[in-house]
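Given next are the chains, with one letter for each unit.
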Amino acid sequence: MKDIRTILLAGTLAAAAAGCGTVRNAEHTTPEELAGESNVVVVRPNRYTLLGTKSVRDYLEVSYEEFTTNRVGFPVARIGVRSRGGEHWWDLKGPNFTIYAQAFFYAAPVKGVKIRTAPVYSTNKQAVVLQRGETANLSFTCPVKGAKGYQVVFSED
Amino acid sequence: MKKIYLLACAAALIFPGCSSPEVSRHGRVNPDEDVIPGGLSSEDVRTVASKMCPEILSLPEIANSAGTVRVAIAPMRNSSRFIIDMNIFMKKLRLDLNRYSNGKLRFFAQDGGTTGLRKEMLKNRREENVDKALDQLADQVAALPAVKNAKTPLKFAVLPVVNLNFVKLNADSFAAMLRAKVVEKTKGKVQFVLPGAKADYYLTGQFIADSIKQEGMVNLVDYIKMMDERISKGESLDLYDDSPASIGEGNTGNQLNIVRGDWSKRHPSLFNQLQLSTKLREEPNVTKRLNVMLAKADGKTVLWEKMITIEKKITSGVEKAKYMLTGEISGLSKRADGKQTDYLLITLQLVDPDSNEVLWEDGYEVKKEAEAGTVYQ
Chain A
53 MKDIRTILLA GTLAAAAAGC GTVRNAEHTT PEELAGESNV VVVRPNRYTL
103 LGTKSVRDYL EVSYEEFTTN RVGFPVARIG VRSRGGEHWW DLKGPNFTIY
153 AQAFFYAAPV KGVKIRTAPV YSTNKQAVVL QRGETANLSF TCPVKGAKGY
203 QVVFSED
Chain B
2 MKKIYLLACA AALIFPGCSS PEVSRHGRVN PDEDVIPGGL SSEDVRTVAS
52 KMCPEILSLP EIANSAGTVR VAIAPMRNSS RFIIDMNIFM KKLRLDLNRY
102 SNGKLRFFAQ DGGTTGLRKE MLKNRREENV DKALDQLADQ VAALPAVKNA
152 KTPLKFAVLP VVNLNFVKLN ADSFAAMLRA KVVEKTKGKV QFVLPGAKAD
202 YYLTGQFIAD SIKQEGMVNL VDYIKMMDER ISKGESLDLY DDSPASIGEG
252 NTGNQLNIVR GDWSKRHPSL FNQLQLSTKL REEPNVTKRL NVMLAKADGK
302 TVLWEKMITI EKKITSGVEK AKYMLTGEIS GLSKRADGKQ TDYLLITLQL
352 VDPDSNEVLW EDGYEVKKEA EAGTVYQ
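So the protein sequences, as listed, match chains A and B. So the numbering used here is basically just the index in the first sequence, starting at one, shifted up by 52. So the numbering used here is basically just the index in the second sequence, starting at one, shifted up by 1.
Treat the hints as calculated values from the structure; they're not laboratory data. Where hints are given, some of them may not hold.
[Stated by the list, open to error] Here chain A is said to cover these stretches of chain B; the calculated rule only asks that three of the stretch's residues, wherever they fall, bring their Cβ under 8 Å from a Cβ of chain A:
#1 27-39
#2 58-70
[Stated by the list, open to error] Only part of the chain B face toward chain A is listed, based on derived beta-carbon distances under 10 Å:
#3 48
#4 51
#5 52
#6 54
#7 96
#8 97
#9 100
#10 102
#11 103
#12 305
#13 367
#14 368
#15 371
#16 372
[Claimed, not checked] Each pair of labels, with its calculated beta carbon distance range:
#17 B:5 x A:76: 55 to 61 Å
#18 B:29 x A:123: 23 to 29 Å
#19 B:123 x A:123: 56 to 62 Å
#20 A:57 x B:26: 32 to 38 Å
#21 B:333 x A:166: 31 to 37 Å
#22 B:122 x A:191: 41 to 47 Å
Glycine is no exception: its CB is placed at the ideal position from the N, C-alpha and C atoms.
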């Protein structure tokens with residue numbers, strides 16, 4: 053029993069000592085996780101409750117995605133985002149809300165690719181006001197030719 | 002006791018994972034975040050630039066242009082109720098355009114912050130350029146057949162350079178510099194004599210200003226003739242000599258009336274005008290040239306004449322712009338029961354200055370709600 057106590061004590065001290073280090077390695081996103089991301093993602097909400105999250109992701113749906121080039125060859129990502137309205141038995145009406153969309157353009161496709169490079173261009177975070185049932189038709193043009201992939205990140209703030 | 006001890010150790014290991022990190026914003030917010038509702042915000046400035054920059058660069062007139070496209074920026078107009086720095090939209094847009102156009106677009110320093118230094122730099126460069134130009138003039142004089150093939154040294158007299166337009170240019174210094182260079186380049190084939198002595202050639206010149214009202218008041222050929230007469234009479238060579246002794250009845254009626262005037266109907270000489278007029282004492286921002294002439298003393302025929310640029314007009318450069326970018330902020334505001342809404346429409350236009358055609362136009366619209374009036378500082 054004394055040995056177990058010693059081991060636990062050592063473990064506790066080791067765990068506490070780990071926090072004293074000046075630097076620690078930052079965690080990297082795993083290639084599998086990157087490959088699993090789609091072209092449109094929603095940032096995790098900043099609030100959790102015991103009954104689940106309060107994410108606007110519940111109310112969002114992507115109605116279309118297009119990735120084309122414009123008349124001079126600049127990549128253009130077009131996305132339709134619709135507010136679905138009430139999704140829970142305790143809120144059948146659903147909210148009108150504002151979310152922020154930021155588009156990133158990459159030299160390589162995003163979907164299914166395990167390695168991510170720095171974006172060649174990114175927009176700022178642009179406010180999108182959505183009312184129940186409304187579809188916001190978003191369009192992002194990349195002024196850098198040759199982008200092959202994009203990702204639009206929606207966040208609550 | 003042992004169980005409590007074990008439980009405490011286990012809890013110490015587990016609970017840190019449930020804690021939220023203690024992070025602070027240190028008073029900073031993301032520029033895309035609008036923490037104070039109502040009115041225009043940094044997010045709007047950034048969104049306008051983010052949307053408009055690719056649109057402008059996508060114009061075929063710019064994207065398919067072979068060379069650099071120069072764009073002048075006209076100040077935005079503000080028709081909304083908000084008092085804001087109108088340059089901020091254009092500045093952010095210009096930043097993005099410069100960043101992503103890869104040198105295809107070029108703008109002008111129009112904000113005036115660099116004007117003083119630019120003028121100083123150009124003046125310093127002017128001195129170098131004048132020196133080079135005078136060198137070339139001296140080379141040309143040395144290469145003249147009359148000079149090159151002269152058996153005996155030619156006698157040159159320098160007549161004062163006519164300088165009616167500029168009060169801050171020392172005409173005589175240019176003549177002296179040119180004289181020294183001519184002596185050096187001709188290697189003894191030209192000798193300069195003092196005015197009044199018998200000379201083979203007169204070397205003189207005239208400063209010429211582009212687009213200035215007083216230019217051309219004295220013709221250079223007439224000037225040489227008049228000077229020659231005065232030399233032969235032993236009179237002063239000072240063009241602006243206004244002493245009673247130098248003005249006789251016979252001197253009225255020629256072009257120098259302006260300078261010398263009729264004694265009975267005297268007008269202030271131009272020199273006096275220049276001295277008294279604050280407007281004329283300002284150095285005019287025009288292209289200044291020096292016309293140098295070598296004339297035969299006997300027949301008054303001009304042997305050689307050359308014009309050099311002393312100073313180029315300092316311009317903002319916008320005359321080289323192919324297009325101009327401008328815009329307007331329009332607003333519609335409502336207020337009731339302590340609440341107010343503002344609908345704002347920010348439009349941008351790219352205009353061809355030659356045809357005044359709007360080449361491109363796009364807009365960004367936003368409506369904001371606030372509890373109270375928004376004040377900008």
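Cross-check of the supplied hints:
1. 27-39: Holds, because 5 residues of the stretch 27-39 of chain B bring their Cβ atoms closer than 8 Å to Cβ atoms of chain A.
2. 58-70: holds (count 6)
3. 48: Where the cut-off is 10 Å and the nearest Cβ of chain A is about 5 Å from residue 48 of chain B, the hint holds.
4. 51: For residue 51 of chain B, the interface hint holds, since the closest Cβ of chain A sits about 5 Å away, which is under 10 Å.
5. 52: holds, 8 Å
6. 54: Because about 6 Å separates residue 54 of chain B from the closest Cβ in chain A, which is inside the 10 Å limit, the hint holds.
7. 96: Violated, about 12 Å.
8. 97: holds, 8 Å
9. 100: holds, 9 Å
10. 102: holds, 8 Å
11. 103: Hint on residue 103 of chain B: holds, closest Cβ of chain A at ~9 Å, below 10 Å.
12. 305: Constraint on residue 305 of chain B not satisfied, violated at 55 Å.
13. 367: Check passed: Cβ of residue 367 of chain B comes within 8 Å of chain A, closer than 10 Å.
14. 368: holds, 8 Å
15. 371: Constraint on residue 371 of chain B not satisfied, violated at 14 Å.
16. 372: violated, 17 Å
17. B:5 x A:76: 55 to 61 Å: violated, 32 Å
18. B:29 x A:123: 23 to 29 Å: Cβ of residue 29 of chain B to Cβ of residue 123 of chain A: about 40 Å, so the range 23 to 29 Å is violated.
19. B:123 x A:123: 56 to 62 Å: violated, 42 Å
20. A:57 x B:26: 32 to 38 Å: Since residue 57 of chain A and residue 26 of chain B have Cβ atoms about 43 Å apart, the given range 32 to 38 Å is violated.
21. B:333 x A:166: 31 to 37 Å: At 50 Å between Cβs, range violated.
22. B:122 x A:191: 41 to 47 Å: 45 Å Cβ-Cβ, so the 41 to 47 Å window holds.
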